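**Q** Line by line, the protein sequences give chains V and W.
To convert, take the position in the first sequence, counting from 1, and add 1390; that gives the numbering used here.
To convert, take the position in the second sequence, counting from 1, and add 1390; that gives the numbering used here.
Read the hints as simulated data drawn from the structure, not as lab findings.
Predicted model, so just to flag it, every value in this text is computed and none were measured.
A couple of the hints might just be wrong.
Since copy identity is lost for identical chains, a pair holds within one copy or between any two.
To be verified - Calculated cross-link-like contacts (lysine to aspartate or glutamate; reagent style EDC-like; alpha-carbon spacing at most 20 Å):
(1) Lys-1449 - Glu-1504
(2) Lys-1449 - Asp-1485
(3) Lys-1435 - Asp-1525
(4) Lys-1449 - Glu-1482
Protein chains: 2
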Amino acid sequence: MNAYNHPAIQYYQDVSEQCIHYLSIDGVIFGFHENQLKVLLLRWKGTTEWSLPGGFIRKTESVDVAAQRVVRERTGLDELYLQQFHVFGEAERYDQADTWARTKLPIQQVNWSERTISIGYYALVEYSKVVPTPDFLTEECCWWNVDDIPPLLFDHNHIVAVALSSLRRQFADQPISHLLPSAFTVPELQRLHETILGQPLDARNFYKKLMASGTLERLSERRAGTPHKAPYLYRFKPTDI
Amino acid sequence: MNAYNHPAIQYYQDVSEQCIHYLSIDGVIFGFHENQLKVLLLRWKGTTEWSLPGGFIRKTESVDVAAQRVVRERTGLDELYLQQFHVFGEAERYDQADTWARTKLPIQQVNWSERTISIGYYALVEYSKVVPTPDFLTEECCWWNVDDIPPLLFDHNHIVAVALSSLRRQFADQPISHLLPSAFTVPELQRLHETILGQPLDARNFYKKLMASGTLERLSERRAGTPHKAPYLYRFKPTDI
Chain V
1391 MNAYNHPAIQ
1401 YYQDVSEQCI
1411 HYLSIDGVIF
1421 GFHENQLKVL
1431 LLRWKGTTEW
1441 SLPGGFIRKT
1451 ESVDVAAQRV
1461 VRERTGLDEL
1471 YLQQFHVFGE
1481 AERYDQADTW
1491 ARTKLPIQQV
1501 NWSERTISIG
1511 YYALVEYSKV
1521 VPTPDFLTEE
1531 CCWWNVDDIP
1541 PLLFDHNHIV
1551 AVALSSLRRQ
1561 FADQPISHLL
1571 PSAFTVPELQ
1581 RLHETILGQP
1591 LDARNFYKKL
1601 MASGTLERLS
1611 ERRAGTPHKA
1621 PYLYRFKPTD
1631 I
Chain W
1391 MNAYNHPAIQ
1401 YYQDVSEQCI
1411 HYLSIDGVIF
1421 GFHENQLKVL
1431 LLRWKGTTEW
1441 SLPGGFIRKT
1451 ESVDVAAQRV
1461 VRERTGLDEL
1471 YLQQFHVFGE
1481 AERYDQADTW
1491 ARTKLPIQQV
1501 NWSERTISIG
1511 YYALVEYSKV
1521 VPTPDFLTEE
1531 CCWWNVDDIP
1541 PLLFDHNHIV
1551 AVALSSLRRQ
1561 FADQPISHLL
1571 PSAFTVPELQ
1581 RLHETILGQP
1591 LDARNFYKKL
1601 MASGTLERLS
1611 ERRAGTPHKA
1621 PYLYRFKPTD
1631 I
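Based on the provided sequences and hints, a complete structural model is requested.
**A** Shown next as structure tokens:
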């Protein structure tokens, strides 16, 4: 394919007509699986380069709705916990020539905006429910452990770092009700918090604070198949959704 | 003055050429005086209508720098504690026709953007150092008690409310080092926190947490002119700035 009929050209022409110039959305989609915090990344077609999912805001679309659309298209999920966390508004966020060369897109024809201010959102999703789906500029969409993320396109490593510190701050004092399946044990929830904080928590204090939060209810079932005495399952009370 | 030579027309023409369309900045500038939390508001020329200070982002200007500029122009302060707190991105944030009628601007000639997405920043400033300064669309700039704010133009009451809840969340677990003069007593700092939280705090717990934070140092002077035994003055350690 030569540069003159690259599908990205039509795409960016449409974006330029239908979307708000200078603005974009980047989505940091967090999942939790086998005691690892994970982020959904996309590999660009014909390259070994990865980035976060992203998109643009239609001229009459709410910014939150645009963010939901971006995350829905990559995960298949309709109901999402989505949190706006930061605007990345530096005049020069990254080396544009270098980045576009790495994407292998025909820069002269797709560079519709001299500069992009990105609104960062993070999503907390249930890992097992996600169907990772690339977009038409990318050929692979998959989970990466947060600790193993490669050098990303644009300033996306920085965006992941800011998302992670926002997530830590937000859930320093409340239990995270979004990344686990609907029924879980207290040790499973504790491991989620420990993974996000990057440090161990005292089990007794964690349990006490959790019960004091009043957000959980114990189910009558226990976790089957555990070697020790089977622990009770809990869920978040419906009003907390 | 008739609508055709209104100075706002030239202003919005310049903005349209030099600034990023669809985007604006709104600044919630908090001060603290006589145990009241205050916000700086502007009264629009020839009206009794008030709004927050705001402005636009130049095409090659960082968003943070634009926000600093907006706040500096209204306060005279160069060094500011400024915190981005939310993007107001609804497709229809307020009734445009009603708002423009209230501003008495010639809407047909100044309405350079069908829609504005606003990036909200709050600033924490030292009340006594501020020189409130209107811009050329407004004729009065002054402090209002947060509890007495009138119905504002645009969606600015909503923006103030979101700023206030962000401020409360941010300083739930750390002392606020930005709204008081450089030397202050512990009861003065406690009253600042109580005012922002809207509820009384236990003096002994407040003192204990404050000392545990390790951010304060006691000066050798005491507060003069107090009826009781003069309390010590404190300041934040320089590294905390």
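**Q** Hint by hint, note whether the structure agrees.
**A** The hints, checked one at a time:
1. Lys-1449 - Glu-1504: Both: 18 Å inside a copy, 9 Å across copies.
2. Lys-1449 - Asp-1485: between (27 Å within a copy, 17 Å between copies)
3. Lys-1435 - Asp-1525: Classified as within; 10 Å inside a copy, 50 Å across copies.
4. Lys-1449 - Glu-1482: between (24 Å within a copy, 11 Å between copies)
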